[in-house]
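There are 2 protein chains.
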Amino acid sequence: MEPIKILVVDDEPNIRDLLASGLRFAGFSVLAVGNGNDAVVAAEKGNPDLILLDVMLPDMSGFSVTKKLRSMNILAPVLFLTARDEVEDKITGLTVGGDDYMTKPFSLDEIIARINAILRRTKQSAVEKSVIEVGEVRIDEDAHDVYVNDQQIELSPTEYKLLRYLMENANRVLSKSQILDHVWEYDFNGEMGIVESYVSYLRKKLDPLTSEPVLQTKRGHGYMFKSTKKK
Amino acid sequence: MEPIKILVVDDEPNIRDLLASGLRFAGFSVLAVGNGNDAVVAAEKGNPDLILLDVMLPDMSGFSVTKKLRSMNILAPVLFLTARDEVEDKITGLTVGGDDYMTKPFSLDEIIARINAILRRTKQSAVEKSVIEVGEVRIDEDAHDVYVNDQQIELSPTEYKLLRYLMENANRVLSKSQILDHVWEYDFNGEMGIVESYVSYLRKKLDPLTSEPVLQTKRGHGYMFKSTKKK
DNA sequence: AGCAACATTCAGGTTTCTCACAGGTTCACG
DNA sequence: CGTGAACCTGTGAGAAACCTGAATGTTGCT
Numbered sequence: 003m004e005p006i007k008i009l010v011v012d013d014e015p016n017i018r019d020l021l022a023s024g025l026r027f028a029g030f031s032v033l034a035v036g037n038g039n040d041a042v043v044a045a046e047k048g049n050p051d052l053i054l055l056d057v058m059l060p061d062m063s064g065f066s067v068t069k070k071l072r073s074m075n076i077l078a079p080v081l082f083l084t085a086r087d088e089v090e091d092k093i094t095g096l097t098v099g100g101d102d103y104m105t106k107p108f109s110l111d112e113i114i115a116r117i118n119a120i121l122r123r124t125k126q127s128a129v130e131k132s133v134i135e136v137g138e139v140r141i142d143e144d145a146h147d148v149y150v151n152d153q154q155i156e157l158s159p160t161e162y163k164l165l166r167y168l169m170e171n172a173n174r175v176l177s178k179s180q181i182l183d184h185v186w187e188y189d190f191n192g193e194m195g196i197v198e199s200y201v202s203y204l205r206k207k208l209d210p211l212t213s214e215p216v217l218q219t220k221r222g223h224g225y226m227f228k229s230t231k232k233k
Numbered sequence: 003m004e005p006i007k008i009l010v011v012d013d014e015p016n017i018r019d020l021l022a023s024g025l026r027f028a029g030f031s032v033l034a035v036g037n038g039n040d041a042v043v044a045a046e047k048g049n050p051d052l053i054l055l056d057v058m059l060p061d062m063s064g065f066s067v068t069k070k071l072r073s074m075n076i077l078a079p080v081l082f083l084t085a086r087d088e089v090e091d092k093i094t095g096l097t098v099g100g101d102d103y104m105t106k107p108f109s110l111d112e113i114i115a116r117i118n119a120i121l122r123r124t125k126q127s128a129v130e131k132s133v134i135e136v137g138e139v140r141i142d143e144d145a146h147d148v149y150v151n152d153q154q155i156e157l158s159p160t161e162y163k164l165l166r167y168l169m170e171n172a173n174r175v176l177s178k179s180q181i182l183d184h185v186w187e188y189d190f191n192g193e194m195g196i197v198e199s200y201v202s203y204l205r206k207k208l209d210p211l212t213s214e215p216v217l218q219t220k221r222g223h224g225y226m227f228k229s230t231k232k233k
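Protein chains in written order, with my numbering: chain U, 3 to 233; chain F, 3 to 233.
One or more of the hints may lead you astray.
Identical copies carry no separate label here, and so any pair may be met within one copy or between two of them.
What the hints assert, rightly or not - Pairs of lysine to any residue, SDA-like flavour, derived with a Cα cap of 25 angstroms:
| # | residue 1 | residue 2 |
| --- | --- | --- |
| 1 | Lys69 | Asn37 |
| 2 | Lys220 | Asp144 |
| 3 | Lys70 | His223 |
| 4 | Lys206 | Leu77 |
Source of the hints: derived by calculation from the structure; they are not laboratory data.
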């Protein structure tokens, strides 16, 4: 099967490399460039399935890049990246069709989740399922809904991301630093105690509805989502 | 079959040698260097399957090394080593994909276990199974779960590491100093009586569930895990 | 501005783990 | 058998890891 091709466009080398390697690890074929002109050239040649595009580029705006691409009949969906305080009005107008946007700083897992979501919408062929189900817990990634034994529960964004990461790696111990790196934004600078807090929040919401606790503490190692039998 | 290649990067010669010889003995092909520049060169030439990388290096930080490698499209997963009290800011955000990190001081067996865990996750082909089973006892290395005749038991981290080491060398006598070297952190400074204590702890948890004792004392030599028939 | 939801830090309390010690037991050997 | 060395294991102090409620910031919304 062909790997899915992604074109990464960002002028900050740190971010570009972070994205490139993270996406490669996730199984995508990645081409990364640092400005709008290169992006147009690369998109024409490479025929990517999706473009990850920083809005602020040295030579031209992400908006111009997209317009140019579309005029060249390159219709790959675009996931825009933008600083949190950049004017959002401009962006909302941009996201037509399958496009979407995210603010920096982001968490890697969140980027990957969005990419998969877009690909699901555009390519029906896309393999990824939108539902993660482990034991008594089910996540609908498209709707961001979480069900425990068919009963829906409400989670905050961070709680949701944490649960998703733990469930993607069910029955495998994850260290607190791994969790921090995958779930929190890349510039998060705090202590690992926050992982403990959020595990605590999740337990408070999950445990009343499961037959046995699903989030296990592996003392000295980290945490693990344990798949349990359904009720 | 090709041996798995590991690049060890640490500036302290003691640690470097400890790692290199320990990993060679475990069957890996090892290349060891002492600074970031050599690491980049060696990684480019040697194409290692995994990089064991100290975060604090004389010439450049592990972060820079990784960045450089990733930008050169060298995607080998990295297991970071860091002093326990190093500022955590520096290490968060490092792990992408299958990466992980460990604090110094470590135990040799723990390093090997983590390396195998990463290789399992990144290379599907990786030979190693995540389950060690000898007689009536089974360890799931990914989950850190231990079962005796299908009944799960709880072990402390040290108990777990000791049991794993004994089972990896089942039916072979291990001296108390061998056990200390493999299971305890390399700077452990206590007496060998601690091994006796932990063997005792393990027996108390294992023996009630096995048909006959699995941990045998070889007076004057050490201890041995004896594989028994299942119940 | 004011509110509500969420994110983060902090600190006290609790559990669990590590390790040393010491008295008791077993074993090998004379 | 008697003796010393090796081994076993209960006890407890101290440390580390963890949990959680509460206080404090942040953010976005109306």
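Status of the hints after comparison with the structure:
no.: 1; hint: Lys69 / Asn37; verdict: both (15 angstroms within a copy, 20 angstroms between copies)
no.: 2; hint: Lys220 / Asp144; verdict: between (31 angstroms within a copy, 11 angstroms between copies)
no.: 3; hint: Lys70 / His223; verdict: neither (49 angstroms within a copy, 29 angstroms between copies)
no.: 4; hint: Lys206 / Leu77; verdict: neither (45 angstroms within a copy, 39 angstroms between copies)
Against the hints set out earlier in the document, violations occur for numbers 3, 4.
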